[in-house]
Amino acid sequence: MNNFFIILFHTYLSKLKTKSFLVTTIITVVLMLALTNMTNIIYFFNKDSEADKIAVVDETGQLFAPLKEQMKAINEELFVEKYDGNAEEAIKDVEEGEYKGILELSLNSEKLPAASYKAMTIADSTIPADLQAALQQLKMVMASTQSNIAPEELEKLYAPVEFEKTALEKDAKTEEELNQARGLVYVLLFIIYFAVIMYGNMIAMEVATEKSSRVMEILISSVSPVKQMFAKILGIGLLSLTQLAVLLSVGYVSIKRNLETMEGGFFEFFGFGNVAASTIVYAVVFFILGYFLYATIAAFLGSLVSRIEDVQQMITPMTMLVVAGFMMAMFGLGQPDAPFIKYTSFIPFFTPMLMFLRVGMLNIPFWEIALSIGILVATIVLLAVFGARVYRGGVLMYGKSNSFKDIKKALQLTKNE
Amino acid sequence: MALKLDNVTKRFGEFTAVDRLSLNIPEKEMFGFLGANGAGKTTTFRMILGLLDASEGKVTWDGKPINYDTSSIIGYLPEERGLYPKLKVRDQIVYLARLRGMQKQAAIKELDYWLSRFKVPEYADKKVEELSKGNQQKIQFIAAVLHKPKLLILDEPFSGLDPVNVEQLKEAVIDLKNAGTTIVFASHRMEHVEEMCEHICIMHKGSPVVHGSLKEIKRSFGKKNLVIHADFDTAFLKDYPGVTRAKQTTEGIHLQIVGEHIAEDILMQIVGKGFIRKFVLEEPSLNDIFIEKVGDSYE
Numbered sequence: 001m002n003n004f005f006i007i008l009f010h011t012y013l014s015k016l017k018t019k020s021f022l023v024t025t026i027i028t029v030v031l032m033l034a035l036t037n038m039t040n041i042i043y044f045f046n047k048d049s050e051a052d053k054i055a056v057v058d059e060t061g062q063l064f065a066p067l068k069e070q071m072k073a074i075n076e077e078l079f080v081e082k083y084d085g086n087a088e089e090a091i092k093d094v095e096e097g098e099y100k101g102i103l104e105l106s107l108n109s110e111k112l113p114a115a116s117y118k119a120m121t122i123a124d125s126t127i128p129a130d131l132q133a134a135l136q137q138l139k140m141v142m143a144s145t146q147s148n149i150a151p152e153e154l155e156k157l158y159a160p161v162e163f164e165k166t167a168l169e170k171d172a173k174t175e176e177e178l179n180q181a182r183g184l185v186y187v188l189l190f191i192i193y194f195a196v197i198m199y200g201n202m203i204a205m206e207v208a209t210e211k212s213s214r215v216m217e218i219l220i221s222s223v224s225p226v227k228q229m230f231a232k233i234l235g236i237g238l239l240s241l242t243q244l245a246v247l248l249s250v251g252y253v254s255i256k257r258n259l260e261t262m263e264g265g266f267f268e269f270f271g272f273g274n275v276a277a278s279t280i281v282y283a284v285v286f287f288i289l290g291y292f293l294y295a296t297i298a299a300f301l302g303s304l305v306s307r308i309e310d311v312q313q314m315i316t317p318m319t320m321l322v323v324a325g326f327m328m329a330m331f332g333l334g335q336p337d338a339p340f341i342k343y344t345s346f347i348p349f350f351t352p353m354l355m356f357l358r359v360g361m362l363n364i365p366f367w368e369i370a371l372s373i374g375i376l377v378a379t380i381v382l383l384a385v386f387g388a389r390v391y392r393g394g395v396l397m398y399g400k401s402n403s404f405k406d407i408k409k410a411l412q413l414t415k416n417e
Numbered sequence: 001m002a003l004k005l006d007n008v009t010k011r012f013g014e015f016t017a018v019d020r021l022s023l024n025i026p027e028k029e030m031f032g033f034l035g036a037n038g039a040g041k042t043t044t045f046r047m048i049l050g051l052l053d054a055s056e057g058k059v060t061w062d063g064k065p066i067n068y069d070t071s072s073i074i075g076y077l078p079e080e081r082g083l084y085p086k087l088k089v090r091d092q093i094v095y096l097a098r099l100r101g102m103q104k105q106a107a108i109k110e111l112d113y114w115l116s117r118f119k120v121p122e123y124a125d126k127k128v129e130e131l132s133k134g135n136q137q138k139i140q141f142i143a144a145v146l147h148k149p150k151l152l153i154l155d156e157p158f159s160g161l162d163p164v165n166v167e168q169l170k171e172a173v174i175d176l177k178n179a180g181t182t183i184v185f186a187s188h189r190m191e192h193v194e195e196m197c198e199h200i201c202i203m204h205k206g207s208p209v210v211h212g213s214l215k216e217i218k219r220s221f222g223k224k225n226l227v228i229h230a231d232f233d234t235a236f237l238k239d240y241p242g243v244t245r246a247k248q249t250t251e252g253i254h255l256q257i258v259g260e261h262i263a264e265d266i267l268m269q270i271v272g273k274g275f276i277r278k279f280v281l282e283e284p285s286l287n288d289i290f291i292e293k294v295g296d297s298y299e
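For the protein sequence lines, the chains are D and W, in the order given.
Residue 7 in the numbering used here is what sits at position 7 of the first sequence, and the numbering runs on without skipping anything.
Residue 265 in the numbering used here is what sits at position 265 of the second sequence, and the numbering runs on without skipping anything.
One chain only, chain D, in its complex shape:
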């Protein structure tokens, strides 16, 4: 087998078998399952506990019935029960655990409902909030009756204003589509961001480990450093695709299975219901290009350090670039058509995130996408050629220095004169 593939598969398989890789993958899968099954998990813990009962001490005798009516509409799980004793007895029952809390109802001087809620703790804010909401409704009805406002008029008063947004541009995304795209783009941006940082780190560490353990000298006497560098980048790339494939397929299956329970919830907001195929294709394209861009930088930066401890320091500027790109992308989610985002999306270091954001959220002419990909690919090629030369010299340099001046030194080593 060709040396290139020997290194590629050695890198891939030996990384695949490391404990840290397996543990990270398993933890992420578990988190993913937990997230997609959130409704089931909450239901599982709640199904045994009885519905919360609230004792209502109604001094007026006329508020309980309408309150119960309102409660049904607001929260079916919360039962209000008329309590026949006085407040002290009710408190005793709460202390014994019979009721979750007691609600004392009265009328104030203006003949409007007033209430006080007592429970062992008020850490659970949802119960008093629901009760308050129900009473608010009740109060509104009573107040309007007092002022002789007809229910129809009241309805008119509270009806929301009619407001419709329409995009005039041809093919522009509708609001619904935009919301879906935003969620998906958000998630994919996160994946690109984490993958670039994580696998970039992995490559730099890998190179630095080989250098600091001095196995590098033997490796590069068998295989050219350039071949070795690209085999390594591709090996780790394969690893990243494997990990993502596992995570995404687990996530996909899990979401598909839980889709009914999630309707209208969190996941619909994120646009998983119907995903545009082109968005996914662009996500893959920009992910791969972004990976190559940063992997090349990481590899040659890693080749400049002699000790593993110096790796983080060396790749900090690269990490900064990724973080900056991600920050801009987060800003751009709200305003994808800002000129700022438009221009920066052509800077190759930010293209993978920003151009993907624009592709996902807007309808931009194809030439813009093609141009940005062109610039990105050209940058990757340039960096690869430059990086390979630095790498070739860098792996032979030992010493405590680890600054960017070393790039010059490394280039000098590979020069013929």
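No lab work stands behind these hints, which were simulated from the structure alone.
Each hint should be verified, as a subset may be incorrect.
[To be verified] Here are a few chain D residues that face chain W, going by a calculated C-beta distance under 10 Å: (1) Leu22; (2) Lys82; (3) Asn86; (4) Thr209; (5) Ser213; (6) Val215; (7) Leu396.
[To be verified] Taking lysine-lysine and the DSSO-like style, the derived pairs with C-alpha atoms no more than 27 Å apart in a straight line are: (8) W/Lys177 <-> D/Lys19; (9) W/Lys119 <-> W/Lys104; (10) W/Lys4 <-> W/Lys177; (11) W/Lys64 <-> W/Lys28; (12) D/Lys19 <-> W/Lys247; (13) D/Lys19 <-> W/Lys28; (14) D/Lys227 <-> W/Lys64; (15) D/Lys17 <-> W/Lys4.
On a predicted model such as this, the values are computed, not experimentally measured, just so you know.
Just so it is clear, CB atoms sit at the ideal spot from N, CA and C, and this is done for glycine as well.
Once you have looked at the hints, place chain W on chain D.
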């Protein structure tokens, strides 16, 4: 089939690491490559291996340039030892051997042979970081020779080993040489070079200062060593004409003299002064030659 360095020069910016070095190392020979620290040995090795390009001149093996296409015929044991600390011995030896063009099964077979030869077959499934430094060195040596290279470069192969292991490794090196491997051998241990090499080259500040057959070098060096152990004070011999170097010891004196006739004169001088327990005239050692050629310029 020979390794040829033709007027090879390597400059790093202003600094000249190797200056017009020409060597001709015939096939099946063990060649001693000596030099003080920083003399340009490692740079020369890196140029032979193709890791660095020569600024001038060229390196050829069998008339052809050495590059990555020829990596399967070259074995290299670098001075700075390095293996993957977390990898099992078998996995990494097989990996490195495959990079040198060996098949996996053949590499495993060969590894088993070498491990049992070094009496450590149980190391195959151990991680390198679990082994002692000396044993790591054996593994490193195996990595360099496993693929049966035609040209083997050994940079300080015996440093840090105990005498038993040195013997084991030395024997292995000699076997390889007898089997037809051309070996370039760098060491600071002069007695090893003296014992094993026919031809040597001493590098100093990038240029060869001594180069040729060891016997020839010794003969043309001319100077001899004279060891005298006597009961009387021998210190006055320091200033005797023809003595180039003198070192007082507890039992007498070690002299370096320009020729055999000086020894005769000295013997005449000291006979009758007292009891002489030892009077030996010795050939110069490589150590003496090295110190003479390289050490003087330190002063």
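The hints, checked one at a time:
Contact between D/Leu22 and chain W, as hinted, is not supported at the beta carbon level, the nearest pair being about 15 Å apart and thus beyond 10 Å. Taking 10 Å as the C-beta contact cut-off toward chain W, the hint placing D/Lys82 at the interface is violated, the least distance being around 71 Å. With a least beta-carbon distance of about 74 Å to chain W, the hint placing D/Asn86 at the interface is violated under the 10 Å criterion. Evaluation of the D/Thr209 hint against chain W yields a held restraint, the C-beta minimum of about 8 Å falling below 10 Å.
Look at D/Ser213: its Cβ gets to within about 5 Å of chain W, closer than 10 Å, so that hint holds up. For D/Val215, the interface hint holds, the least distance from its beta-carbon to any beta-carbon of chain W being 4 Å, beneath 10 Å. The restraint placing D/Leu396 at the interface with chain W holds, with a minimum CB-CB distance near 6 Å, inside the 10 Å limit. As the CA atoms of W/Lys177 and D/Lys19 are separated by approximately 43 Å, the hinted pair breaks the 27 Å bound.
Annotation: proposed proximity of W/Lys119 to W/Lys104 holds, straight-line Cα distance about 22 Å (limit 27 Å). Our distance criterion of 27 Å between C-alpha atoms is met by W/Lys4 and W/Lys177, whose separation comes to about 18 Å. Only pairs whose Cα atoms come within 27 Å are accepted, and W/Lys64 paired with W/Lys28 is accepted, the gap being roughly 18 Å. Between D/Lys19 and W/Lys247 the alpha-carbon distance is near 61 Å, which puts this suggested pair outside the 27 Å criterion.
As the CA atoms of D/Lys19 and W/Lys28 are separated by approximately 47 Å, the hinted pair breaks the 27 Å bound. Only pairs whose Cα atoms come within 27 Å are accepted, and D/Lys227 paired with W/Lys64 is accepted, the gap being roughly 22 Å. Restraint check for D/Lys17 and W/Lys4: not satisfied, since their Cα atoms lie roughly 44 Å apart, outside the 27 Å limit.
Violated hints for the displayed structure, listed by number in ascending order: 1, 2, 3, 8, 12, 13, 15.
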